[in-house]
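Enquirer: In case you want the letters, here they are:
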Amino acid sequence: MSKRIEVTDLDVYYSRFLAVQNVSLTIEPRTVTAFIGPSGCGKSTLLRTLNRMHEVVPGARVEGRVLIDGDDLYAPDVDPVLVRRQVGMVFQRPNPFPTMSIRENVLAGVRLNNRRMPRADADDLVERSLASANLWNEVKDRLNLPGSSLSGGQQQRLCIARAVAVAPDVLLMDEPCSALDPISTLAIEDLIEELKQQYTIVIVTHNMQQASRVSDRTAFFNISGAGTPGTLIEYDDTATIFSRPSVQATEDYVSGKFG
Amino acid sequence: MTTDTARRGGIRLGDRVFAGSAATAGALILIVLAAVAVFLIAQSLPALGAGPGELPGTAQNFWVYVWPLVFGTIWSAFLALLVATPLSIGIALFISHYAPRRLAQALGYVIDLLAAVPSVVFGLWGIVVLAPFVQPMYSWLVANLGWIPLFAGPVSGTGRTVLTASVVLAVMVLPIMTAICREVFLQAPRLHEEAALALGATRWEMIRMAVLPFARAGIVSAIMLGLGRALGETMAVAMVLSPALVVNMFLLTSINPNTIAANIALQFPEATGVSVNALIASGLVLFLVTLGINMIARYIVGRRRAFSGANA
Ligand SMILES: Nc1ncnc2c1ncn2[C@@H]1O[C@H](COP(=O)(O)OP(=O)(O)O)[C@@H](O)[C@H]1O
Ligand SMILES: [Mg+2]
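For the protein sequence lines, the chains are P and A, in the order given.
Take 1 as the starting number for the first sequence in the working numbering and just add one per residue.
Take 1 as the starting number for the second sequence in the working numbering and just add one per residue.
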């Protein structure tokens, strides 16, 4: 179920503005890869090109190649809608649908493909998805309450359950803990550790400890100034990035000298 | 420091002036409303007790007199909303989520412009343009689908039927309904739209998941506003229809029920005695009908408040 992602010579534009330049990296299946770097260096932008969510912004486009298990994500006959069913996404702010119950939130993505799912199957899927997001025990007695009745950390785990329910190959997370308290953050980090068994995970984080705790590989991005494109500075095993990086800027960043 | 002094000095002068004027304005509105209500009720009383002969036409009592008008009012407004609601939601969605920015702006202006057209002009348009234009279609409907009670004949030769009047009403309420829908659609949180898209929703699926449920209360408000205007609108109906005091649901014949508002406008200049009271009483009934419908709408919106997104 998890897949390899190969990014080759990728440039990302917002209309005329080059936001990310010349990124090449390979992400192995069943690993957690962290994107770190100062604000505005294009971490979110690059992440969104991995499920074509950047196309939601008018004028946004890429040059270069992204392969998922060898299939070109940007081939002319590829439907971005289908890509997003394969590559799930969790956002910075928890965003369960407030007009749906907890149960309906989990099923939201599945209902798109399979409107007439038998009730027993749906119940089963809800339980499995919530369990794999470590949320089942907390919400099993109130599945019909609105998703927005949960705490922030629970809402974020509900969003993870919703993403997992469609059985994607890859999970993208854009600063999933930055709106959460430390306890909820730890719960999500534990969860990422478990999800790694099944999914290829890419996580953007501003938190150095988090990157070193949860990720196997770390990519450090930087910009040389406002208005310049972000570039990939260094990509290596997380242990290497945090102990003996080969580029001075990486060392300065991970040791907290800037950013 | 500063907060301490402010607290010691009590409420600031500006606050006091503002609170005072707001309270005065609020009280004034209530007084004016109460005065109107007292006037309406006092003037209505003679009609409520009136017997045969005193009321216009052959009505035995006030309720017999007013019932066809109530029916005509609700029926024409209902038909108008049946046309206007899907249209305004569709146009608003197109403007908010489909059209390129430029086109969306231009369309927005056109819609707002439509809202500024006086209702007399819409009435004229109904008579001069719309009625002759739709008459052949009415003939066709009666000839081919006449077995459906709604389309029963004989067909009106002028095209000036309750359906035509309702279409004119629909065009009149369209701008305000579209404007409100557009606003609520634009306010649908980006956060939830992206959540839907990231799950692999198409644009239409995204609208159904993240925009329409969020906009539910707003859509109901738009319908209520449109309904309020359709119920109270005089000119379109008064000009298009030559009405009768009947209760029927035939859409295409030349015998059509009148509405309360149009009836008042048509009859008031020549009314004398108890007839005047009857017209005023019918106005009171219109007010009660509008109030009742609004309360039902509020109840509908309030029922699922927890899921409204207001607490997201
Ligand atoms: N929707 C957008 N339209 C135009 N420019 C954008 C948009 N989103 C981000 N950018 C620009 O792209 C660059 C990278 O932004 P982003 O990917 O959000 O960085 P990060 O997530 O690393 O903080 C920034 O210069 C930002 O201003
Ligand atoms: Mg970001």
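For the record, the hints were derived by calculation from the structure and aren't laboratory data.
Worth double-checking, as some hints may not be accurate.
[To be verified] With the Cβ distance kept under 10 Å, some of the chain P side facing chain A (calculated, not the full set): (1) 60; (2) 64; (3) 65; (4) 67; (5) 76; (6) 78; (7) 86; (8) 91; (9) 97; (10) 103; (11) 112; (12) 119; (13) 172; (14) 178.
Keep in mind the model is a prediction, meaning the values are calculated, not measured.
No residue lacks a Cβ here, since even glycine has one placed at the ideal position from N, Cα and C.
Enquirer: Evaluate each hint against the coordinates.
Expert: Hints, verified against the model:
With a cut of 10 Å, the hint placing residue 60(P) at the interface with chain A is violated, because the nearest CB-to-CB distance is about 13 Å. Interface restraint check: residue 64(P) against chain A, minimum CB-CB distance 22 Å, threshold 10 Å, status violated. Here the hint on residue 65(P) is broken, as its CB sits about 22 Å from the closest CB of chain A, past 10 Å. Because the beta carbon of residue 67(P) sits about 20 Å from the nearest beta carbon in chain A, more than 10 Å, this interface hint is broken.
Hint status for residue 76(P): violated, given a least beta-carbon distance of 18 Å to chain A, over 10 Å. The beta carbon of residue 78(P) is not positioned within 10 Å of any beta carbon in chain A (closest approach about 13 Å), and the interface hint is therefore violated. The restraint placing residue 86(P) at the interface with chain A holds, with a minimum CB-CB distance near 8 Å, inside the 10 Å limit. Given hint, residue 91(P) at the interface with chain A, holds; its Cβ is 7 Å from that chain's nearest Cβ, closer than 10 Å.
Interface restraint check for residue 97(P): the shortest CB-CB distance to chain A comes to about 6 Å, inside 10 Å, so the restraint holds. Proximity of residue 103(P) to chain A is violated relative to the hint, the smallest CB-CB distance being about 12 Å (cut-off 10 Å). Among the interface hints, the one on residue 112(P) holds; its C-beta lies about 6 Å from the nearest C-beta in chain A, closer than the 10 Å criterion. Annotation: interface hint on residue 119(P) violated; nearest CB of chain A at approximately 20 Å, more than 10 Å.
For residue 172(P), the interface hint holds, since its Cβ comes within 10 Å of a Cβ in chain A; the closest pair sits about 8 Å apart. For residue 178(P), the interface hint is violated, the least distance from its beta-carbon to any beta-carbon of chain A being 14 Å, above 10 Å.
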